[in-house]
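Protein chains: 4
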Amino acid sequence: MKFIHSFANDYSEGCHPSILEALTQSNLEQHPGYGDDSYTQTAVALLRKMVDDPYADIYLIAGGTLTNLLVLSAILKPFESVIAADTSHINTRETGAIEATGHKIETVPTPDGKLSPELILPILNKPISYHTVRPKAVYISNSTELGTIYTKKELTLLSEFCKENELFLFIDGARLAYALTSQSNDLTLKDIAELTDIFYVGGAKCGALLGEAVVITREEIKKDFKYHIKQRGAMLAKGRILGIQFTQLLQDGLIFQLAAHANSLANKMTLAIKSLGYPFLTESYTNQIFPILPNEVIDKLKINYGFFIWEAVDRNHSAIRLITSWATPEEKIDCFINDLKFFKV
Amino acid sequence: MKFIHSFANDYSEGCHPSILEALTQSNLEQHPGYGDDSYTQTAVALLRKMVDDPYADIYLIAGGTLTNLLVLSAILKPFESVIAADTSHINTRETGAIEATGHKIETVPTPDGKLSPELILPILNKPISYHTVRPKAVYISNSTELGTIYTKKELTLLSEFCKENELFLFIDGARLAYALTSQSNDLTLKDIAELTDIFYVGGAKCGALLGEAVVITREEIKKDFKYHIKQRGAMLAKGRILGIQFTQLLQDGLIFQLAAHANSLANKMTLAIKSLGYPFLTESYTNQIFPILPNEVIDKLKINYGFFIWEAVDRNHSAIRLITSWATPEEKIDCFINDLKFFKV
Amino acid sequence: MKFIHSFANDYSEGCHPSILEALTQSNLEQHPGYGDDSYTQTAVALLRKMVDDPYADIYLIAGGTLTNLLVLSAILKPFESVIAADTSHINTRETGAIEATGHKIETVPTPDGKLSPELILPILNKPISYHTVRPKAVYISNSTELGTIYTKKELTLLSEFCKENELFLFIDGARLAYALTSQSNDLTLKDIAELTDIFYVGGAKCGALLGEAVVITREEIKKDFKYHIKQRGAMLAKGRILGIQFTQLLQDGLIFQLAAHANSLANKMTLAIKSLGYPFLTESYTNQIFPILPNEVIDKLKINYGFFIWEAVDRNHSAIRLITSWATPEEKIDCFINDLKFFKV
Amino acid sequence: MKFIHSFANDYSEGCHPSILEALTQSNLEQHPGYGDDSYTQTAVALLRKMVDDPYADIYLIAGGTLTNLLVLSAILKPFESVIAADTSHINTRETGAIEATGHKIETVPTPDGKLSPELILPILNKPISYHTVRPKAVYISNSTELGTIYTKKELTLLSEFCKENELFLFIDGARLAYALTSQSNDLTLKDIAELTDIFYVGGAKCGALLGEAVVITREEIKKDFKYHIKQRGAMLAKGRILGIQFTQLLQDGLIFQLAAHANSLANKMTLAIKSLGYPFLTESYTNQIFPILPNEVIDKLKINYGFFIWEAVDRNHSAIRLITSWATPEEKIDCFINDLKFFKV
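Protein chains in written order, with numbering that gives the first Met the number 0: chain A, 0 to 344; chain B, 0 to 344; chain C, 0 to 344; chain D, 0 to 344.
Looking at chain A on its own, in the form it has when it is part of the complex (with noise of 0.2 Å):
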């Protein structure tokens, strides 16, 4: 790419820095494989520790559409469906994977990507019936497809909702660290183990070369987990690989130091953009942020950047994704920010 800087996304990189190193210095040690390693007990400890649970069950798995596969088809039975959103990643970029595992997907338009009691209520208002898929689990992610994060209120009271209705929440936490950070962010990791019965802290947009930590608190889908994993293929061999990555984005909480660049990045972006006038498609304060801008400055921009054309709003506006992440260079973005301000008419 022969960019300025490509804000396509938060995986354009390595990973960070001291990853490498460990992964150099650990690498002529034997390990067991599969996960049986010290460094994946290490970093399966410190992530227990991170969310106050001794008990927890925590695997490493190699890619994000791999988890979501594995966990919704462990967890539900045949004839059950998961809800999520319209615009979630299970449902619009998985090719069918959920579907492809036998389980229907019941979708809910949401404007923000996020979801509520109320936007579900209407589906569990069905006659229950042999004649129809039972909704057993809920999917969000945390945060959203669209830079939108859950608030401790609103995901307790989804919690609370899913209890009552005996479905599991699970959190597609491909970006729980960008959410965990974000200045207008009120849940710790505790809460979210807490809130959820399933959920994941995502390695690979976060700092990491691949790997996602699943943590399981709920008893009753614990039992026998790995099976699953083995059989849908996400078990590597060397699974000390996933177990050095973790250990080193969890100890000293540097994923969350790398997410916190990411979203003051964002952020940064995000005034400068409003400060010239232009709106956004959502309220973000993670590092994945919408400008809605004239066509003509997108195609100015195009020239030098990288980034996604989201969605046309009008004629002659549409909304970009812009995404920082724990490699973007500061200048990068004020670079960005003289052209945007050169563009504007």
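Honestly, the hints are just simulated from the structure, not real lab data.
Any given hint might turn out to be false.
Intra- or inter-copy, both count: the list cannot distinguish identical chains.
Unchecked claim - List of simulated lysine-lysine pairs, DSSO-like, C-alpha gap at most 30 Å: (1) 48 <-> 152; (2) 340 <-> 273; (3) 222 <-> 135; (4) 151 <-> 135; (5) 76 <-> 125; (6) 135 <-> 221; (7) 222 <-> 162; (8) 301 <-> 225; (9) 76 <-> 162.
In this text, all values refer to a predicted model and were calculated from it rather than measured experimentally.
Keeping the supplied structure of chain A fixed, place chains B, C and D upon it in accordance with the hints.
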């Protein structure tokens, strides 16, 4: 592990140091995701050249079981089966991953892990009928689970047989580098590509952190393969990490140098063990060997060395599996041989 | 049921008496199983003639949901989806049967249960990418779940649209006989065959004990269909019982006479209800009608008549579904109309 | 078929005349669909009484393969397998229907089609690990594909073994009536219910037009079974036609009278064939027998009689399968015996 050395498998260590260097060097470069990066393109170009087929479709996948279930579910229709050795990895070590995609494995007993037209024929001789599955693929491994390899003549006969019977021939090449550098090998990578419809060059067991390079030469199964990859969760966001690794492994034939090292150490062990008068379960010139030892000798070896007890041979003897890798130091081999000599009664 | 009459559905009674006679007459004859009997051959020949396609492949299947899941899983590749109305049977009344075979249903909101190129287009306009499922089939019902039917013009436009976009067009014809004998219909069975790739003529809801006749006209999906039938458990040992029934229903167009009877009684109800000033949820000239009545009237009707309350329209009114069949006696219609008149305030 | 008689199978004719009478008599009654009719309730009550378990859950399903795939996919988790004889129907005659639901069949070689703890043990003795499927069900047939039956002692031992090893025991009872009325049988229907977790009483091969009655006695697999039935397409709209048939077959034990008739005619054939000095492939006292005849005799018989050539025994002899049914007339047996005598050299 407090062993002097573990011969338990060829994925006990990290990866060849040059891979870590390449990952480090490229770390801050920005690349598109999902295998659209230039490193992946380089690796693909290298491998196309090595198989001498500029039209081969090549994809880098993160895991062996994942690759097997991906390939077989992509090339088989719902009612089609795959023929495999009873000892094959897909039949014994993948938690029913193939069946989980809906396909029957029709197994063939074979003493050395290898298939031949003669062994497969009885399955094809069943009356053809819509009451039974229809075999459409033959799955073999080279080297096999028992360390054995195919000769050019054997593979040619099998390939012709498959063509005549309209069966796809698929090689699980998790340990293909070991096979192709074995002293008894007469096959080239180009032969492999010509004689099969789809195969892969394994990375995880041959010096990479993870990754298998799938090569598709048969036209009719090339189409839409990326849809299958994504749906099965087999596509890494940071595809570059596979591209970088295979670029390293393939350029200058590094993967073959690493495999040759492992083979030669395994052969050294074989000769020493034979000279002590112990028989072997199979005749292997690759990095997996299966000596048959007295149980009391095994008990003593177990204290200082890691390995699997493969199977009981009689009341007092068992076959063990010893595996070497790119990372095995020759002095550990010497150490093992000395101990074995010492333990001989 | 102690009702005066149930209008709950069109499968409340057994089957047309001539079918029982034919079953009785042939009862001791010996026939081969699995649809290889001469009655099935006769039914197939009759239907081939009616659709004017001597090369159509025709199979008799025991059940509507079974037929839908069989057809869609047979014609779709793993990553391909089917487009259907949000109110469609496969989306709302089959317990996720289609997803259980691995395929996503992409739903389209539609007020009258019918699809059109305009309604489908937004789904096709998503960027084509291996990150999303690829639509490959359009599923419609004629008549729909809401009693509406397709005109020849509508179906022709939809058919052309599907051809242009390489989509298979599949009609669920569970109630096709009612559609084709509706007073507002201008389609023939031959038109249906020409304009679709695969469809079925329903028996269970049109006078048979059970059975749906699948007609395949598109060459590329004919191959190996019997393997799919057997694998899904959709093949009856005594295939003759389907052959005998469809022979009866098809010869002399009996199925259409039965449907016309039901339609005419439904129309009689419609006229009477309209004359009482009640509106309807949809405009239906088939055997399913959806009058909107005051809830207090519904409560009174419920005592003596069976029917489903389809949906609440406002606080005081609901749409109910009334269904007639081949077996509905005209005096029950009169009885219902009289009661309705009496209940009118 | 222009044969004197076909002994090819027990589903060549329609159904016992009393069933057609009952269907006719009830034809115009209105009943709710999906098995909620009073006839199904009557059949269920009859069968509950016969198995002496008022809490048994009982469902009437339309087809044997459909029942097998329904039951196994309902009671197994994704990574669990079923153990079955290599000659079993699910392994050889169902086009991979079980694997198509995602489950591996672990097969056991057995000369007479029967399983025992000794035969199953080697499968359980594999090391327990998440790298392999976990056996959770044992599938047997009574009578088997080879006409053999289980004694009470054999079934008791197998049942105890399954309980000890936490395996569900499932009997495919497509021909259960023949087994329970065999002269060498000492099992009752009540025994069957007590010794298994789930089984079915087959109708299609024992005098019904179609239908299998599934009996679930194990508490943990009762829940939500109707969801599975609907999702697999195994629920008939007109459930009454199964209810009426099983009411007929079960009341006054009609199904057993029909089976006893078939068994006695098969025994007559067996005695006659033995008296001619011909051996048998298996020792069967049910309605399927497997005499071994000279090929030239078989060639002559084939002209006037329908039957399957089961397998070649040596160059000049083959085993054939002869099947009788409720509808077989004794004079056809005599005819066959006379011809066989005549053909004997």
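Now for the hints, and whether the structure bears them out:
Taking CA atoms no more than 30 Å apart as the test, residue 48 paired with residue 152 passes inside one copy only; the shortest distance there is 24 Å, against 55 Å between copies. In this assembly of identical chains, residue 340 and residue 273 lie within 30 Å of each other by CA distance solely inside one copy; the values are 11 Å within and 65 Å between copies. For a Cα distance limit of 30 Å, the shortest separation of residue 222 from residue 135 qualifies both inside one copy, at 18 Å, and across copies, at 15 Å. In this assembly of identical chains, residue 151 and residue 135 lie within 30 Å of each other by CA distance solely inside one copy; the values are 23 Å within and 42 Å between copies.
Proximity of residue 76 to residue 125 under the C-alpha cut-off of 30 Å is found in both arrangements, the shortest distances being 19 Å within a copy and 27 Å between copies. Taking the shortest alpha-carbon separations for residue 135 and residue 221, both the intra-copy value of 16 Å and the inter-copy value of 18 Å come in at or below 30 Å. Taking the shortest alpha-carbon separations for residue 222 and residue 162, both the intra-copy value of 20 Å and the inter-copy value of 20 Å come in at or below 30 Å. For a Cα distance limit of 30 Å, the shortest separation of residue 301 from residue 225 across copies, 27 Å, qualifies, whereas the shortest one inside one copy, 45 Å, does not.
Taking CA atoms no more than 30 Å apart as the test, residue 76 paired with residue 162 passes in both settings, with 18 Å inside one copy and 24 Å between copies.
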